[in-house]
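S.K.: One-letter residues, chain by chain:
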Amino acid sequence: MNVIEVKNLEKTYNDSEVQVHAVQGINLEIEEGEFTAIVGPSGCGKTTFLNMLGGLDQPSVGDIRIGDTLVHELKPSELIDFRLHNIGFVFQAYNLIPVLTAKENVEFIMQLQGRDKTERDKRAIDLLTEVGLGDRIDSRPSRLSGGQQQRVAVARALASKPKFVLADEPTANLDSKSTETLLDIMEKLNKEENITFIFSTHDMRVVNKARRVVTLEDGKIISDERK
Amino acid sequence: MQAFKLAWRNIWRNKRRTLITVASIFFGVILSTLMSSMQDGTYSKMIDNVVSFYSGYIQIHHPDYWESKSIDDLFVPTDSLQNKLSDNKEVELIVPRMESFALMSYGLSTKGGMLIGIEPEAENELTKLEQWVKKGRYLTEKDDGIIMAVNLAKNLNVQLGDTLALISQGYHGYSASGLFPVVGILEFPSPAMNNFGTYITLDRAREFFSAPDMVTSMVLTVTDYDEVYPVKHTLEKQLGQNYSVMTWDEMDPVTKQMIEGDKGQGIIMKGILYILIGFGVFSTVIMMIAERRKELGVMVAVGMRKLKLAKVLFYETILIGVVGVLSGFAVSVPLVMWMVHNPIPLTGEVADIYEEFGMEPAIYFGADSMVFLAQILIVFGITVLVSAYPFTKIMKLKVTQSLRA
Chain A
1 MNVIEVKNLE KTYNDSEVQV HAVQGINLEI EEGEFTAIVG PSGCGKTTFL
51 NMLGGLDQPS VGDIRIGDTL VHELKPSELI DFRLHNIGFV FQAYNLIPVL
101 TAKENVEFIM QLQGRDKTER DKRAIDLLTE VGLGDRIDSR PSRLSGGQQQ
151 RVAVARALAS KPKFVLADEP TANLDSKSTE TLLDIMEKLN KEENITFIFS
201 THDMRVVNKA RRVVTLEDGK IISDERK
Chain B
1 MQAFKLAWRN IWRNKRRTLI TVASIFFGVI LSTLMSSMQD GTYSKMIDNV
51 VSFYSGYIQI HHPDYWESKS IDDLFVPTDS LQNKLSDNKE VELIVPRMES
101 FALMSYGLST KGGMLIGIEP EAENELTKLE QWVKKGRYLT EKDDGIIMAV
151 NLAKNLNVQL GDTLALISQG YHGYSASGLF PVVGILEFPS PAMNNFGTYI
201 TLDRAREFFS APDMVTSMVL TVTDYDEVYP VKHTLEKQLG QNYSVMTWDE
251 MDPVTKQMIE GDKGQGIIMK GILYILIGFG VFSTVIMMIA ERRKELGVMV
301 AVGMRKLKLA KVLFYETILI GVVGVLSGFA VSVPLVMWMV HNPIPLTGEV
351 ADIYEEFGME PAIYFGADSM VFLAQILIVF GITVLVSAYP FTKIMKLKVT
401 QSLRA
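Those protein sequences? They're chains A and B, same order as listed.
The numbers in this note's numbering rise by one with no breaks, and the one at position 167 of the first sequence is 167.
The numbers in this note's numbering rise by one with no breaks, and the one at position 270 of the second sequence is 270.
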């Protein structure tokens, strides 16, 4: 079953008098439970593509269907709610809320969803335990290493029970040991809980773990390999 | 609750900056409260002076008297009039007077001066006139004597026990003349009053001016300053057009203008202070947003509605304002109360100037509730105004641009 369907997707930026075609006619289907890496050189359109998949940016042309919803047709406020309930985000620089503890960061999303405190508490602790941080639930981000922060970010991304997780270069700021730990956790979540992960990355360790690798160049898909 | 918790924690992310901003509000509130309190105290003292020295809060006259100041524009304080005045619960004292100008002669010297007929006890209750008697004694109820201001006595070369000849125009063309033994010399703090003030009993004044049972004015005091204008309006309705009801500031517009002018200066000073407070808070808010642009973008990206996020930033601004205002209020209340009971004494030339105007040489402070309330409301209003900035920034926030920040 397809989680994401992308048809004829284009994104053009009008930079002064020059038009930049960041994404040009991408067609892609991602099924539930896929572990997909979007790769390509800098400036190939990875981040732009991921932003459109995540409903953070509007396509110039084309359709993005997530489940039964045509994302680009949603109003801005509907889009925010859609993201809250359907998409988990993991950012390159972790981007946790610094004034909240690890548990509160994970709870934050569920609180926005309006879930009750008991459920929030349990799920936040379960998720943090699952990413190996059960003993650091009350630590603020500044007390955690980069790898630990990124694991909290993964737990946060999963907190809303999203249809898929978008991770933009999640290992770019991590050392190899942290990268390995993070990838193992995500791979385990993918295999055991059938969570769909989509990465943009330069990192060959991520590429090696991915079961599907989509390569972009000049805003176009030049290869789409399943392992 | 989530928004409030986030806001509270956010404002303490940069403790030093928050404390500096809170301190600017804290000192701003204290300074503006002290300034307002000082104005309030000074104005109250000035008004008290005017009121207790001569005019009272309200006077009742013949409708033409204040313009003409003529001895012909008198009225009889009938029982009906007196009952209407005394029936008003807010009226405290009712003091009758008859006053006009007279020529005063002793030996070869003649000077013009104000002759005021008074009921000695009632007058003393209002103006504490007896305290200014420097030589001799104060008037008694059936006194035939006169008490007079010190400079006038000097100019006429009059001593205690000498007899003063007074000539004036009486009621409706009668000629007024009489001899009055000097029983007391008055020395007022005001040089103006020392030059021409003379007092006799009201009965003797009525005889002198051939105006039996009449007065030029009924001087009233009220229980509270705030009652002056309500009482005036009530009396105007009750007394109709046969009498004129004037408040202290209508009779002494100079003092009123001085107060208004000073208030204007105060508004400018406080305005500058409020602008400084406003910019202090504003610069903090600008910094808070600029350094958290990416974080704010992430929060919207993961599903926080912009309005909810704007609420967090609104709370942050308001919390800084509230902490500053409340701490400033907590310190300014005891400080002002202490100042109210311990006016700052003045010395030297400034003290002399105060004394010349009949005021005690000290800076007085007032503790009217508006002194405190106004600062709280204004500074709170400033923070609410400043909070419009983060609100608009959040509503215009572009997530993809913020994530690149």
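Accuracy of the hints is not assured; some may be wrong.
[Claimed, not checked] Not the full set, but computed from the structure, chain B residues with beta-carbon under 7 angstroms of chain A: (1) G303; (2) M304; (3) K398; (4) S402.
[What the hints assert, rightly or not] On the chain A side, residues computed to face chain B include the following (Cβ under 7 angstroms): (5) V20; (6) L50; (7) N51; (8) D57; (9) V61; (10) R83; (11) L84; (12) F89; (13) V99; (14) Q111; (15) T118.
Bear in mind the hints are in silico, worked out from the structure with no lab data behind them.
Only a predicted model underlies this, so the values are computations on that prediction, with no experimental measurement involved.
Where a beta carbon is used, it is the ideal one built from N, C-alpha and C, also for glycine.
S.K.: Verify the interface restraint on A:N51: the C-beta must sit less than 7 angstroms from at least one C-beta of chain B.
M.R.: With a minimum Cβ separation of about 5 angstroms from chain B (threshold 7 angstroms), the hint on A:N51 holds.
S.K.: Against chain A, run the beta carbon of B:S402 and see if the smallest gap drops under 7 angstroms.
M.R.: 10 angstroms, violated
S.K.: Given B:K398 as an interface hint, is the shortest Cβ-Cβ distance to chain A below 7 angstroms?
M.R.: 9 angstroms, violated
S.K.: Given B:M304 was flagged as interface, is its beta-carbon under 7 angstroms from a beta-carbon of chain A?
M.R.: Holds. Min distance 6 angstroms.
S.K.: Against chain B, with CB atoms and a cut of 7 angstroms, does the hint on A:V61 hold up?
M.R.: Violated, because the Cβ-Cβ distance from A:V61 to chain B comes to roughly 18 angstroms (cut-off 7 angstroms).
S.K.: Have a go at the A:T118 hint: is there a Cβ in chain B nearer than 7 angstroms to its own Cβ?
M.R.: 16 angstroms, violated
S.K.: Do the numbers back the hint for A:Q111, that is, is its least Cβ distance to chain B under 7 angstroms?
M.R.: OK, holds: A:Q111 within 7 angstroms of chain B, min 5 angstroms.
S.K.: Go through the hint on A:D57 and say holds or violated, using the shortest Cβ distance to chain B against 7 angstroms.
M.R.: 5 angstroms, holds
S.K.: Next item in the hint list is A:V99. Is there a CB on chain B closer than 7 angstroms to its CB?
M.R.: 4 angstroms, holds
S.K.: Hold the hint about A:V20 up to the distance rule: shortest CB distance to chain B must be less than 7 angstroms.
M.R.: 14 angstroms, violated
S.K.: Mind checking the CB of B:G303 against every CB in chain A and telling me if the closest is under 7 angstroms?
M.R.: 3 angstroms, holds
S.K.: Return the status of the interface hint for A:F89: holds when the least beta-carbon distance to chain B is below 7 angstroms, violated otherwise.
M.R.: 6 angstroms, holds
In summary, the numbered hints that this structure violates are 3, 4, 5, 6, 9, 15.
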